Amino acid sequence: MSDSLFDRIGGEGAVDAAVDIFYRKVLADDRISEFFDGVDMDKQAAKQKAFLTMAFGGPNNYTGEDMRKGHAHLVARGLNDSHFDAVVEDLGSTLAELGVPNDVIGEVAAIAETTRNDVLGK
Amino acid sequence: MPAIEFEGGQYESEPGESVLDCLTRHGVSVNYSCRAGVCQSCMMVAVEGKPTPVSQLGIRETLKAQDHFLICSCVPETDMTVAVPDRAGSLFETTVVSLDRLSADVIRLRLARPENYDYRPGQFLNLTNAAGISRSYSLASVPELDDFLELQIRIVPDGQVSSWVANGLQVGDSVTISQSAGECSYVPGREQQSLLLVGTGTGLAPLVGIARDALRQGHAGPIHLYHGSSAVEGLYLVDELSAMDRVHENFQYYPCVSRGAVPDGVRAGRAADLVLQDFAKLPGWRAFLCGREDMVKGLQKKIFLAGASMQDIFADPFIEAKD
Numbered sequence: 009m010s011d012s013l014f015d016r017i018g019g020e021g022a023v024d025a026a027v028d029i030f031y032r033k034v035l036a037d038d039r040i041s042e043f044f045d046g047v048d049m050d051k052q053a054a055k056q057k058a059f060l061t062m063a064f065g066g067p068n069n070y071t072g073e074d075m076r077k078g079h080a081h082l083v084a085r086g087l088n089d090s091h092f093d094a095v096v097e098d099l100g101s102t103l104a105e106l107g108v109p110n111d112v113i114g115e116v117a118a119i120a121e122t123t124r125n126d127v128l129g130k
Numbered sequence: 157m158p159a160i161e162f163e164g165g166q167y168e169s170e171p172g173e174s175v176l177d178c179l180t181r182h183g184v185s186v187n188y189s190c191r192a193g194v195c196q197s198c199m200m201v202a203v204e205g206k207p208t209p210v211s212q213l214g215i216r217e218t219l220k221a222q223d224h225f226l227i228c229s230c231v232p233e234t235d236m237t238v239a240v241p242d243r244a245g246s247l248f249e250t251t252v253v254s255l256d257r258l259s260a261d262v263i264r265l266r267l268a269r270p271e272n273y274d275y276r277p278g279q280f281l282n283l284t285n286a287a288g289i290s291r292s293y294s295l296a297s298v299p300e301l302d303d304f305l306e307l308q309i310r311i312v313p314d315g316q317v318s319s320w321v322a323n324g325l326q327v328g329d330s331v332t333i334s335q336s337a338g339e340c341s342y343v344p345g346r347e348q349q350s351l352l353l354v355g356t357g358t359g360l361a362p363l364v365g366i367a368r369d370a371l372r373q374g375h376a377g378p379i380h381l382y383h384g385s386s387a388v389e390g391l392y393l394v395d396e397l398s399a400m401d402r403v404h405e406n407f408q409y410y411p412c413v414s415r416g417a418v419p420d421g422v423r424a425g426r427a428a429d430l431v432l433q434d435f436a437k438l439p440g441w442r443a444f445l446c447g448r449e450d451m452v453k454g455l456q457k458k459i460f461l462a463g464a465s466m467q468d469i470f471a472d473p474f475i476e477a478k479d
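Keeping their order, the protein sequence lines are chains U and L.
Using the numbering used here, the first residue of the first sequence is number 9, and each one after it goes up by one.
Using the numbering used here, the first residue of the second sequence is number 157, and each one after it goes up by one.
Hints may be right or wrong, so weigh each one.
[Unchecked claim] Covered stretches of chain U, as calculated for chain L (at least 3 residues, CB under 8 Å): (1) 22 to 28; (2) 31 to 39; (3) 50 to 61.
[Unchecked claim] Under the rule of at most 16 Å between Cα atoms (straight-line distance), these lysine to aspartate or glutamate pairs were calculated in the EDC-like manner: (4) L:K457 <-> U:E97; (5) L:K206 <-> U:D50; (6) L:K458 <-> U:D50; (7) U:K33 <-> U:E97; (8) L:K457 <-> U:D48; (9) L:K453 <-> U:D45; (10) L:K457 <-> U:D38.
Don't read these hints as lab results, they were simulated from the structure.
Fair warning: this is a prediction, and the values are worked out from it, not measured in the lab.
For glycine and all other residues, C-beta sits at the position ideal for the given N, C-alpha and C.
Could you put together the complete structure from these sequences and hints?
Here is the structure:
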């Protein structure tokens, strides 16, 4: 297939459709919601959008170093693999809700997976 | 080819070149990240010239209406003058038209609207006192309806600007204000949408402007305005808002008091709690939240979880100055 994952999934329109659903799932997820207490919601929504863009194979300038720095304060508060898994699960159920086929969800999850060690500071 | 003016410099663009590429090619340092119209970190405002439609995709409606755009995805069709949004402001001299008390600690200050002073109701401006100290106040007036600018100023004990207003300022005095800023305002387009307006204290000011503006523009969906105060004495404009409630079938006004005796027509409880009691699900709603920071931030999250889109929640927390 010549089209990129980002194009196949629907490009920026798909990011816009997914960002509210995904962020709402994350905030309502008792396994991880405490990590979002007290954050600026507008800024956090912009970060969620940037994350989804990256996970959908879209344009981004994230580096592993950014991921490490951006999550270090959460790792110090106990962020671990189980929380990372919860986010990936919420991402998958968001895409399923939007009618994205399972194999494409798998591709997105695989991209998200590449950030695990950096996010968790391993 | 179109020329781009930015912070006093003039830069000639090349065919097919974006505003971002033009500026960076000339060695101008600007903020950007994805270069693909997604991350919005390169957002600027077009002071002169029109941004292309594609450069405004995905931007909040209120910012679009203020000619904000993404310089990475704008290939200019005409000459443009662009600015970083926060630095777009300039100062205006104006005079005091009237000053009166709305409650024991709130003053309504009306200023002459300077020529060419563009604003949207619900935005804020900075008012500078005689000592050169500025504070932000929201605009309760509507440019199409009022020939003055209206601010509702809470008198803060030892507040540098509010005390100056309360104790020194008189009708006819000259004052300095900034250009208006902020994106907490009504944008027409979805006239059947339900609007939720929640404010505490002088958070009422922008909401009054937004409600009047929405009604003026023919908003047909329900508009629910909650004004919260700890004590009944803190409510103000009760008669005016009750009258609006009677005149406009789609406008509902709920004064709320969280402590002490509650007279007829006033609801007992915190405004934010009553909103969530009244409306458990809010998908498709547009919300404006103004006033105390803890109320605004807390309710922003709850309204989002109740189904409203982040793009449709306008939060304007009033942060008190530390000095």
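Checked hints:
Against chain L, the region 22 to 28 of chain U contributes 4 residues with a C-beta closer than 8 Å to a partner C-beta. That satisfies the three-residue criterion, and the hint holds. Residue count for the region 31 to 39 of chain U with a Cβ under 8 Å from a Cβ of chain L: 4. That meets the three needed, and the coverage hint holds. Given a C-beta distance limit of less than 8 Å, the hint that chain L covers the region 50 to 61 of chain U holds, as 6 residues qualify and 3 suffice. Note on K457 (chain L) and E97 (chain U): the hinted pairing is violated, with a Cα-Cα distance of about 22 Å set against a maximum of 16 Å.
The suggested pairing of K206 (chain L) with D50 (chain U) is violated, with an alpha-carbon distance near 27 Å, which exceeds 16 Å. Distance check on the hinted pair: K458 (chain L) and D50 (chain U) sit about 14 Å apart at the alpha-carbon level, within 16 Å; holds. Only pairs whose Cα atoms come within 16 Å are accepted, and K33 (chain U) paired with E97 (chain U) is accepted, the gap being roughly 10 Å. Taking the CA atoms of K457 (chain L) and D48 (chain U), the gap is about 10 Å. The hint holds against a cut of 16 Å.
Straight-line distance between C-alpha atoms of K453 (chain L) and D45 (chain U) comes to about 10 Å, which keeps the hinted pair within the 16 Å bound. Simply put, K457 (chain L) and D38 (chain U) have alpha-carbon atoms about 15 Å apart, close enough for the 16 Å limit, and the pair holds.
Checked against the numbered hints given earlier, this structure breaks hints 4, 5; the rest are met.
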